[in-house]
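Heads up: the sequence lines are chains F and A, in that order. In terms of this note's numbering, the first sequence is residues 1 to 255. In terms of this note's numbering, the second sequence is residues 1 to 223.
Think of the hints as simulated: they come from the structure by calculation, not from any bench.
Pair by pair, the computed Cβ-Cβ distance ranges are:
1. Cys61(A) to Leu24(F): 33 to 39 Å
2. Leu27(A) to Gly138(F): 52 to 58 Å
3. Lys224(F) to Trp57(A): 37 to 43 Å
4. Phe147(A) to Glu167(F): 30 to 36 Å
5. Ile52(A) to Pro182(F): 42 to 48 Å
6. Asn18(F) to Val135(A): 27 to 33 Å
7. Lys131(F) to Phe36(A): 42 to 48 Å
8. Leu24(F) to Leu202(A): 56 to 62 Å
9. Cys61(A) to His207(F): 47 to 53 Å
10. Phe21(F) to Ala35(A): 42 to 48 Å
11. Trp57(A) to Ala250(F): 51 to 57 Å
12. Phe21(F) to Arg67(A): 31 to 37 Å
The C-beta atom is built at its ideal place from N, Cα and C for all residues, glycine as well.
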Amino acid sequence: MTVTTSSEPSIVRMQKLNKHFGSLHVLNDIDLEITPGEVVVIIGASGSGKSTLIRCINGLEEFQSGTLTVDGNTLKPDGKSSKALQTIRTEVGMVFQQFNLFPHLSVIDNITLAPMKVRGWSRSDAVATAKRLLDRVGIADQADKYPSQLSGGQQQRVALARALAMEPRLMLFDEPTSALDPEMIGEVLDAMRELAKEGMTMVIVTHEMGFAREVADRIIFIHKGEIAEQGTPEEFFSAPKNDHTRSFLARVLKH
Amino acid sequence: MDFDFQFDWSAAFASIPYLLPGIPWTLLISFGGLAFGFFIGIFFGLLRISPIRWLRWLAVCYIEIFRGTPILVQVLFIFYGLPQLLGSPINALVAGIAAIAVNSGAYISEIVRGGVQSIERGQREASLSLGLSRVQAFRYVIWPQAFRRMIPPLGNQGIISIKDTSLFSVIGVGELVRQGQIYIATTFTALEVYFMVALMYLAITWTLSILLRQLERRGIAGQ
Ligand SMILES: Nc1ncnc2c1ncn2[C@@H]1O[C@H](COP(=O)(O)OP(=O)(O)OP(=O)(O)O)[C@@H](O)[C@H]1O
Ligand SMILES: [Mg+2]
Numbered sequence: 001m002t003v004t005t006s007s008e009p010s011i012v013r014m015q016k017l018n019k020h021f022g023s024l025h026v027l028n029d030i031d032l033e034i035t036p037g038e039v040v041v042i043i044g045a046s047g048s049g050k051s052t053l054i055r056c057i058n059g060l061e062e063f064q065s066g067t068l069t070v071d072g073n074t075l076k077p078d079g080k081s082s083k084a085l086q087t088i089r090t091e092v093g094m095v096f097q098q099f100n101l102f103p104h105l106s107v108i109d110n111i112t113l114a115p116m117k118v119r120g121w122s123r124s125d126a127v128a129t130a131k132r133l134l135d136r137v138g139i140a141d142q143a144d145k146y147p148s149q150l151s152g153g154q155q156q157r158v159a160l161a162r163a164l165a166m167e168p169r170l171m172l173f174d175e176p177t178s179a180l181d182p183e184m185i186g187e188v189l190d191a192m193r194e195l196a197k198e199g200m201t202m203v204i205v206t207h208e209m210g211f212a213r214e215v216a217d218r219i220i221f222i223h224k225g226e227i228a229e230q231g232t233p234e235e236f237f238s239a240p241k242n243d244h245t246r247s248f249l250a251r252v253l254k255h
Numbered sequence: 001m002d003f004d005f006q007f008d009w010s011a012a013f014a015s016i017p018y019l020l021p022g023i024p025w026t027l028l029i030s031f032g033g034l035a036f037g038f039f040i041g042i043f044f045g046l047l048r049i050s051p052i053r054w055l056r057w058l059a060v061c062y063i064e065i066f067r068g069t070p071i072l073v074q075v076l077f078i079f080y081g082l083p084q085l086l087g088s089p090i091n092a093l094v095a096g097i098a099a100i101a102v103n104s105g106a107y108i109s110e111i112v113r114g115g116v117q118s119i120e121r122g123q124r125e126a127s128l129s130l131g132l133s134r135v136q137a138f139r140y141v142i143w144p145q146a147f148r149r150m151i152p153p154l155g156n157q158g159i160i161s162i163k164d165t166s167l168f169s170v171i172g173v174g175e176l177v178r179q180g181q182i183y184i185a186t187t188f189t190a191l192e193v194y195f196m197v198a199l200m201y202l203a204i205t206w207t208l209s210i211l212l213r214q215l216e217r218r219g220i221a222g223q
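Bound-form chain F, shown alone (with noise of 0.2 Å):
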């Protein structure tokens, strides 16, 4: 069932994960490989874990037990690992519903800070890559202004850009179009798609159906915190065998 095409290491690696909001059980027993150039959507009903299980992958969320290795490096249990984590960080690159942007900064700015601060680089070069990662995104007009100054799905390209810069070998996506007005999820979505042509491994929450079927490798359906159900979209979507997959498919694809 899971798309397991070649002798390549995994770069994620989640074995028997679980995590504990207080008393409450957010993920449950969790194992997950996700392959290098794979991509792999979330779905689920809301509170079902979605984002948590995401924000675990770069320690965004510590876990109580299990164990998770993230490109060779491996973070242990209640957030013991900073120098893994930190390597983790630099490797995975993340984009968030709200965006994020630093408000203070103009949008070239947003974008060279890590690639300066934590990898190192020279402005010039950091310049560069950020008019190149902009001009990808179809935005390379935009580099002088404010993040406020942006649309919606401006700012979300932009977002895009700051994690690109930081050269990744893994993207998260937390529902990177749900705060965006209808008519800005496509030009978003059309830079994702573009990402995972170029062989990215991207692994994606989101609640847009017709993307999730396109581009995913694998979809995985989350339910109160277990692995309800994995596949490709088509076995997934035409041919689902869990009963609460089913219900949740019927409840989205309505409208």
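Dock chain A with the ligands against the given chain F, drawing on the hints supplied.
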């Protein structure tokens, strides 16, 4: 209507040369104290939101003590009380600056805490997700934004501290009120002189307000 006491403008103007020497003292005490208070405030404000519990507790103690006692008592304690402990007298100017520093420091701690906590969690998460360390995230992302939000309340605190220095006439430091009192002791023109003293405070605080408003306008321009 008939007043049995006339406001004598010539007496008011005559007092100006005697009051003016008080202004540098008022400014020195308030801005000297505020400069130290700013660093004290950053220090305890950050302790106040530290993940380590006893550090937070330390900051709470400091803030509660210096916000919860009158600044007049604080300056009397420093000027008359501490020398008994140290065995040597404390200069009145130093005592005044120290009182403003510890007092404004307590309020500024809360301003710093509020400013930093007002920055959305997503800013820190985005910084960390880019590989910035916690210190870098604070320095390049959180603090610059928090500081902009802190400017208006800091200005407010500055104005309060400037006015607080008027209480320090009790320790004999030659600030504005003290100069006025000395002058009135020989001329008995309290109405005119205190009126002029008030005007001079207004001139100082108004100037500060205008400067701050300009700073705010420029500070917000980048958001
Ligand atoms: N910081 C937190 N503290 C306590 N509980 C939390 C926290 N974050 C999330 N939760 C809870 O954990 C569960 C999973 O949350 P999560 O955000 O992962 O869901 P989600 O699948 O992303 O939902 P949505 O589609 O609404 O974004 C929810 O019940 C949520 O209330
Ligand atoms: Mg979510």
